[in-house]
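As a plain string of letters, each chain reads:
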Amino acid sequence: MSNVLGRGEKIFQVIIHIILIFMAACAIIPVWVLVAGSITNEQELILSGYSFIPGSISWDAYKYLFFKAADIVRSYGITVFITVVGTALSLVITPLLAYPLSRKDFKARNVISFIVFFTMLFNGGIVPSYIMWTQIFHIKNTVWALIFPGLLMNGFNVILMKNYFSQNIPVELIEAAKVDGAGEFLIFGKVILPLSLPIMATVGLFVGIGYWNDWTNGLYYVTQPQLYSLQNLLNRILQDVQFLSSSTLAQAAGGAAMTQMPSVSIRMAISVVGILPIMVLYPFFQKYFVKGIAVGAVKG
Amino acid sequence: MEKRSKSGTLKRQWPLYVMVLPGLLYLFINNYGPMAGMFIAFKRIDYSKGLWASPWVGFENFKYLFKTGAALEMTRNTILYNLVFIVLGEVTGIAAGIMLSELRRKWETKFFQTVILLPYLLSWVICAYIGYAFLSRETGLINGLLNSLGINEVDWYNDPGKWPFILTFVNIWKGLGYSAIVYMSSIIGIDHSLYESAMIDGATKWKQIRYITLPLLKPTVIMLIIMSIGRMFYSDFGLFYQIPMNSGTLYSTTQTIDTYVYRALMTRNDIAMSSAAGFYQSIVGFILVLTANYIVRKSSPENAMF
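In order, the protein sequences belong to chains U and X. Each residue of the first sequence is one higher than the one before, starting from 1 at the first, in this note's numbering. Each residue of the second sequence is one higher than the one before, starting from 301 at the first, in this note's numbering.
Bound-form chain U, shown alone (with noise of 0.2 Å):
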């Protein structure tokens, strides 16, 4: 091609960059407006409200969190823990269910294909899962409310799986490795698993996130702040200020020093704890992210 542009391709050009840059712009503001707000001076923020660019930087909400906030290390705490465990556990037993269905030969393919795919036409709703959830399995106040109920598994990332599993993985490689001898679960895990990769980092991703991310469930199961995660202390201060001063966050910092605790300031440098790992972690997962949203565009 050429690398000489016409007049109207320049034009061209020039508009989408502007559009674009406006875009882009869009996107990382209210994230900088977050940051901004967490340095800024304390008094600053309670006279003349937010800013773009704060007038004086202040880092005393960082250290309040850091060295005095045992709420905010235990739920952080938490989050990592229904995320790490959450997606390991959504890792298991989305691919053990994929992988069968992928199978031609597999005898119940159709009824077991129905049956995850019809989950994704029609749900009960939350007032039955929420009975459920708490008259039967018992798991309000429990850190299992956070893990298990939705997030665990859906049928799009099954259908997602098994798709991969049955165009990136020859017939001929399973029926080989049957024919020296391999039992099922054998192939599964030396020949199925190790060619998965890149749908295992896809789905774990998204699985990941949405535990990270995940305030709903805390919201319906979790009445003890000590079992809240990171969104749901969030959560709690934003509807209710009077939370932060009367935490352990408050009560470390001394009943003198009540004044001088950077409350508003402190919500922000939350939030930015809070999404710090996903904007570190992000860019490194970006080609997984991408290829995840193009592939389930495919076929949803």
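The reader is advised that the hints may include incorrect statements.
The calculated lysine-lysine pairs, modelled on BS3-like cross-linking and capped at a C-alpha distance of 25 Å, are [said to hold, decoys possible]:
#1 311/X / 104/U
#2 311/X / 178/U
#3 107/U / 178/U
#4 311/X / 287/U
#5 178/U / 104/U
#6 107/U / 311/X
#7 518/X / 598/X
#8 406/X / 10/U
#9 363/X / 349/X
#10 410/X / 10/U
#11 598/X / 291/U
#12 406/X / 507/X
#13 291/U / 367/X
#14 291/U / 406/X
#15 367/X / 140/U
#16 190/U / 104/U
#17 367/X / 343/X
#18 518/X / 507/X
#19 10/U / 507/X
#20 349/X / 140/U
#21 107/U / 10/U
#22 406/X / 287/U
#23 190/U / 311/X
Don't read these hints as lab results, they were simulated from the structure.
Put chain X on the given structure of chain U with help from the hints.
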């Protein structure tokens, strides 16, 4: 090939049955359990008697739900927001997808793609914090800006009329990166020689987009629209609950079926109303999905879900 008996197959394939077991168990509990529990919409639940012993009341819960006008308001909001989101979401997504695919340097595509997907990765709680930083009455950025321009400040969280615009903006802001990537990946799949021959014929960029890209995107667009129509009775709970900060004065323009079900169940402890609204959503939602799929199967069978 030898023909194997049924029991022989089971004997050989038992490991596959063991593999599907944990996943199936989860679906039976998490998805099919609540379906089986939908009957509670026809009961007056009394925890002291238990679920089974609570009395059946027929359609009484539904009658009450529709009589109060609550059903009308939340249905209207849910459907109207969905319509606006579908139209504007598709238009902006297609536009952004085309622009991303037209960039000439690879790093630029990657950069813009990464940046505009950023809001998609933020939890709704974080988005509510961001929203508050912009909309707060005393300390918000927008009122600060209005003040410095000499315009009266707005009490955003108490002014229902502004919220259709705010929620639409937030919805597009959060979803744009995702739909742009969806469209970009289907544009990349277009045969490049089509554009080359169009250029030889002297077609401008606009003409290439108008006569090559858009027509070839049509099947994807139609499929995505129909899928969204199938979800018309559902709304994003996070968007409608978190962004208005659960403000009661805004319910007239922010209440959707999902927020109603949550509030009835968790804040008013009204199982009758919440289960009736949830049942209504499930059934109408299911009918919409089936209808949408029926339409796809009629027009382009290869894109139908089933």
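Now for the hints, and whether the structure bears them out:
Under the criterion of a C-alpha separation no larger than 25 Å, the hint pairing residue 311/X with residue 104/U is consistent with the structure, at around 17 Å. Among the hinted pairs, residue 311/X with residue 178/U is consistent with the structure: their alpha-carbon atoms are about 15 Å apart, no more than 25 Å. Only pairs whose Cα atoms come within 25 Å are accepted, and residue 107/U paired with residue 178/U is accepted, the gap being roughly 18 Å. Between residue 311/X and residue 287/U the CA atoms are separated by roughly 42 Å; this puts the pair beyond 25 Å, and the hint is violated.
Only pairs whose Cα atoms come within 25 Å are accepted, and residue 178/U paired with residue 104/U is accepted, the gap being roughly 15 Å. The straight-line distance between the Cα atoms of residue 107/U and residue 311/X is roughly 12 Å, inside the 25 Å bound, and the hint therefore holds. Distance restraint check for residue 518/X and residue 598/X: the Cα-Cα separation of roughly 16 Å lies within the 25 Å cut-off, and the hinted pair is therefore satisfied. Distance hint between residue 406/X and residue 10/U is fulfilled; the C-alpha atoms sit about 18 Å from each other, no more than 25 Å.
Taking the CA atoms of residue 363/X and residue 349/X, the gap is about 24 Å. The hint holds against a cut of 25 Å. The suggested pairing of residue 410/X with residue 10/U holds, with an alpha-carbon distance near 21 Å, which does not exceed 25 Å. Annotation: proposed proximity of residue 598/X to residue 291/U is violated, straight-line Cα distance about 30 Å (limit 25 Å). For the given pair, residue 406/X sits about 24 Å from residue 507/X by alpha-carbon distance, which is consistent with the 25 Å threshold.
Taking the CA atoms of residue 291/U and residue 367/X, the gap is about 48 Å. The hint is violated against a cut of 25 Å. For the suggested pair residue 291/U and residue 406/X, the alpha carbons sit about 16 Å apart, so the restraint of at most 25 Å is met. Of the pairs offered as hints, the one joining residue 367/X and residue 140/U is violated, with about 33 Å between alpha carbons and a cut-off of 25 Å exceeded. For the hint pairing residue 190/U with residue 104/U, the CA-to-CA distance comes to about 20 Å; that is within 25 Å, so the pair holds.
Between residue 367/X and residue 343/X, the direct Cα distance comes to roughly 18 Å. Compliance with the 25 Å bound is thereby established for this hinted pair. With a CA separation close to 16 Å, the supplied pair residue 518/X and residue 507/X stays within the 25 Å bound. A hinted pair counts as satisfied when its Cα atoms are at most 25 Å apart, and residue 10/U with residue 507/X qualifies at roughly 15 Å. Of the pairs offered as hints, the one joining residue 349/X and residue 140/U holds, with about 20 Å between alpha carbons and a cut-off of 25 Å not exceeded.
For the hint linking residue 107/U to residue 10/U, the alpha-carbon distance of about 59 Å lies beyond 25 Å, and the restraint is violated. Restraint check for residue 406/X and residue 287/U: satisfied, since their Cα atoms lie roughly 13 Å apart, inside the 25 Å limit. For a cut-off of 25 Å, the pair hint linking residue 190/U to residue 311/X stands: about 22 Å separates their Cα positions.
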